[in-house]
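Please model the complete structure; the sequences and the hints are all you need to start from.
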Amino acid sequence: MTAAGNGRGGTQPDDGSLLLAVRDFFETVDPMPFDLPERIRFALALHDLEAEVARMARTVNETAQVARGAEESRIVTFDSDRLTIMIRIESNPDGTARVDGWLAPPQAHRVEMSMTDSSITAIADELGRFVFHSVPRGTGRLIVRPSASVDDERGDDPPYAVKCVITPALSLLADE
Amino acid sequence: MLTANQVSADDHYARIAGLVNDAKQGRREAVGELVPELSPLLWQVARSSGLSSSDAEDVLQSVWLNLLAHLDAIRTPASLTSWLITTTKREAWRVRAADRRQKPVDHEWLTAIPDAGADSEQRLIMKDEQRELWEALRSLPGRCQKLLRIVAFVPRPDYDDVAARLGMPRGSVGPTRGRCLDKLRSALDGEGGP
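As you go down the protein sequences, you meet chains A and B in turn.
For what it's worth, my numbering labels the leading residue of the first sequence as 1, then goes sequentially.
For what it's worth, my numbering labels the leading residue of the second sequence as 1, then goes sequentially.
Read the hints as simulated data drawn from the structure, not as lab findings.
It cannot be assumed that every hint is accurate.
[Unchecked claim] Computed spacing ranges between beta-carbons, pair by pair:
| no. | chain 1 | residue 1 | chain 2 | residue 2 | range |
| --- | --- | --- | --- | --- | --- |
| 1 | A | 75 | B | 17 | 43 to 53 angstroms |
| 2 | A | 31 | B | 65 | 20 to 30 angstroms |
| 3 | A | 171 | B | 68 | 27 to 37 angstroms |
| 4 | A | 81 | B | 141 | 55 to 65 angstroms |
| 5 | B | 68 | A | 34 | 22 to 32 angstroms |
| 6 | B | 142 | A | 120 | 46 to 56 angstroms |
| 7 | B | 27 | A | 27 | 26 to 36 angstroms |
| 8 | A | 131 | B | 18 | 34 to 44 angstroms |
| 9 | A | 138 | B | 29 | 15 to 25 angstroms |
| 10 | A | 98 | B | 142 | 49 to 59 angstroms |
| 11 | A | 125 | B | 29 | 21 to 31 angstroms |
[Stated by the list, open to error] In silico contact screen, one side only, chain B against chain A (beta carbon under 8 angstroms); selected entries:
| no. | residue |
| --- | --- |
| 12 | 31 |
| 13 | 35 |
| 14 | 39 |
| 15 | 44 |
| 16 | 60 |
| 17 | 61 |
| 18 | 65 |
| 19 | 130 |
| 20 | 133 |
| 21 | 149 |
| 22 | 153 |
| 23 | 184 |
Glycine included, each C-beta is placed from N, C-alpha and C at the ideal position.
Put into structure tokens, the structure is as follows:
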């Protein structure tokens, strides 16, 4: 950006490039934290859903001996007032994660894995089981949407509360 | 002459207009998509109101949450921009008022910026042109400093509405902005010349 410096050259910077230089300057010396928009979006999503936030209850790391050697998996449990979500996270050979989950009590809900710039959806079966076969490395959070939104036949009077349940963000692959 | 900046400003404006419409029609994710577009502006508004970084983060978050309840009042992208600026300033004011009892507040807004003259590390980070620009900005009247800092982040078509929020008569941000830019240009010239 030469707009700020070319005064001595005779040609004066036009308003547009001068303002761009000012913007550049403030973005350098006082930048907004890069992850602030994402945190705000998370707060908006929570607010929008009137979601219930599940607490992370337990994490268990287990090492299973399989044919190729030790394979890490991690079991994480989230509790909320109406729902317990248990997931097992395993590494796929390609570096992605496989996530198997169970909802208790068993309910056929839509389960969403929401990551920074994408999200994937799975439908839990009547036993409350769901699976994400390939989740990119990074952090994500689960959003469990009530089955009323999966099956509209339930109409206006779903048998249980319609609030979503959302988990805190969790790292999908254990680094240790 | 249509510059690249103007073209991208127009694209930006069209994109925001679309998102505002979507949000009003109930696509709430559209509000989330507006966040990265307009938060950099609100960050500068909050920081130039004298807030610490962590207070500015809290204020931005509550401003956006606030917007969800006020979408009906937003008609155009310009009115969204001014609503966000006004609310950010008001929230910043409230936070500062609550804070004032606890610690003295420096009213010189440029002190929110690292002191490039004194801090050798910052000298390295800032490009030469930016250091010149910083010196030039500091020599301007406070009103101009603040106006340019905020206006530099505002999409061009929103200027008029934003003018009112900066305490200027509607329609005057253009001339005022022009005067401030002229002052900045001569300050830069003075520095670069003999």
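So, going through the hints one by one against the coordinates:
1. Separation of residue 75 of chain A from residue 17 of chain B is about 47 angstroms and conforms to the stated range, judged on CB atoms against 43 to 53 angstroms.
2. The beta-carbon spacing between residue 31 of chain A and residue 65 of chain B, approximately 23 angstroms, falls within the hinted interval of 20 to 30 angstroms.
3. For the pair residue 171 of chain A and residue 68 of chain B, the beta carbons lie near 29 angstroms from each other, so the given range of 27 to 37 angstroms is met.
4. At about 57 angstroms, the beta-carbon gap between residue 81 of chain A and residue 141 of chain B stays in the expected band of 55 to 65 angstroms.
5. The hinted range of 22 to 32 angstroms is satisfied by residue 68 of chain B and residue 34 of chain A, whose Cβ atoms lie roughly 24 angstroms apart.
6. Checking the proposed 46 to 56 angstroms range against residue 142 of chain B and residue 120 of chain A shows it holds: the Cβ atoms sit about 50 angstroms from each other.
7. Distance hint check for residue 27 of chain B and residue 27 of chain A: the Cβ-Cβ separation is about 30 angstroms, which falls inside the suggested range of 26 to 36 angstroms.
8. Under the hint 34 to 44 angstroms, the C-beta atoms of residue 131 of chain A and residue 18 of chain B, about 36 angstroms apart, fit the expected range.
9. Between residue 138 of chain A and residue 29 of chain B the CB atoms are about 20 angstroms apart, so this pair conforms to the stated range of 15 to 25 angstroms.
10. At roughly 58 angstroms, the beta-carbon separation of residue 98 of chain A and residue 142 of chain B lies within the given 49 to 59 angstroms, and the hint holds.
11. Between residue 125 of chain A and residue 29 of chain B, the C-beta spacing of about 27 angstroms keeps the proposed range 21 to 31 angstroms intact.
12. Evaluation of the residue 31 of chain B hint against chain A yields a held restraint, the C-beta minimum of about 6 angstroms falling below 8 angstroms.
13. Nearest Cβ of chain A to the Cβ of residue 35 of chain B: about 5 angstroms, under the 8 angstroms cut. The hint holds.
14. A least Cβ separation of about 5 angstroms between residue 39 of chain B and chain A falls short of the 8 angstroms threshold, and the interface hint therefore holds.
15. At a threshold of 8 angstroms, the smallest CB-CB gap from residue 44 of chain B to chain A is about 6 angstroms, leaving the interface hint in force.
16. Interface restraint check: residue 60 of chain B against chain A, minimum CB-CB distance 6 angstroms, threshold 8 angstroms, status holds.
17. Checking residue 61 of chain B against chain A: minimum C-beta separation of about 5 angstroms stays under 8 angstroms; hint holds.
18. Below 8 angstroms, beta-carbon pairs count as interface contacts, and residue 65 of chain B has one with chain A at about 6 angstroms; its hint therefore holds.
19. At its closest, the beta carbon of residue 130 of chain B sits 5 angstroms from a beta carbon of chain A; the interface hint therefore holds under the 8 angstroms criterion.
20. For residue 133 of chain B, the shortest C-beta to C-beta distance to chain A is roughly 4 angstroms, which falls under 8 angstroms, so the interface hint holds.
21. Because the smallest distance between the Cβ of residue 149 of chain B and any Cβ of chain A comes to about 6 angstroms, under 8 angstroms, the interface hint for this residue holds.
22. With its C-beta approaching chain A no nearer than about 6 angstroms, residue 153 of chain B sits inside the 8 angstroms limit, and its interface hint holds.
23. A least Cβ separation of about 6 angstroms between residue 184 of chain B and chain A falls short of the 8 angstroms threshold, and the interface hint therefore holds.
Violated hints are absent here; each numbered hint is respected by the structure.
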